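The sequence shown begins at 164 in this note's numbering and counts up by one.
In case anyone wonders, no lab produced these hints; they're calculated from the structure. Fair warning: there could be bad hints in the mix.
[As the list claims (entries may be wrong)] In silico EDC-like cross-links for lysine to aspartate or glutamate, where the CA-CA straight-line distance does not exceed 20 Å:
| # | residue 1 | residue 2 |
| --- | --- | --- |
| 1 | K207 | E195 |
| 2 | K207 | D228 |
| 3 | K231 | D193 |
[What the hints assert, rightly or not] FRET-style restraints, in silico, Cβ to Cβ:
| # | residue 1 | residue 2 | range |
| --- | --- | --- | --- |
| 4 | K207 | A184 | 32 to 38 Å |
| 5 | E191 | K249 | 55 to 61 Å |
| 6 | E191 | S214 | 16 to 22 Å |
The model shown is predicted, which means the values in this text are computed figures rather than measured ones. Here a beta-carbon is modelled for each residue, glycine too, at the ideal position from N, C-alpha and C.
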Amino acid sequence: MQKPIVVFAVLFLAACASTPAERAARAERDIEAMIQTYGSACDKLGYAPASDAWRGCVLHLAAQDDYKRYSQYNSMPRFTHCYAHKGFYNCVTL
164 MQKPIVVFAV LFLAACASTP AERAARAERD IEAMIQTYGS ACDKLGYAPA
214 SDAWRGCVLH LAAQDDYKRY SQYNSMPRFT HCYAHKGFYN CVTL
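Using the sequences and the hints, build the whole thing.
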């Protein structure tokens, strides 16, 4: 009974793994999306299209947007719960 479970688990994990070609294709799609989103803004800021400075501008704007998107959770109110057991305190902040 245990052997089929192990075989199934190995096959499942192998199916989840992506090949280097799939990862490269995903990276290319992500870069194309960044260029479509931020490329025109960098053009308007005066960077020459397809220059290294323009690419740096695109990456900078994308990183800035990611920071704003993911840092919103840091400004949310937090809840701290503390309990004591035999003189020891444990606090958990959510």
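Do the hints match the structure? See the list:
no. : hint                     : verdict
1   : K207 to E195             : 18 Å, holds
2   : K207 to D228             : 18 Å, holds
3   : K231 to D193             : 18 Å, holds
4   : K207 to A184: 32 to 38 Å : 35 Å, holds
5   : E191 to K249: 55 to 61 Å : 58 Å, holds
6   : E191 to S214: 16 to 22 Å : 20 Å, holds
This entry satisfies every hint, going by the numbered hints stated previously.
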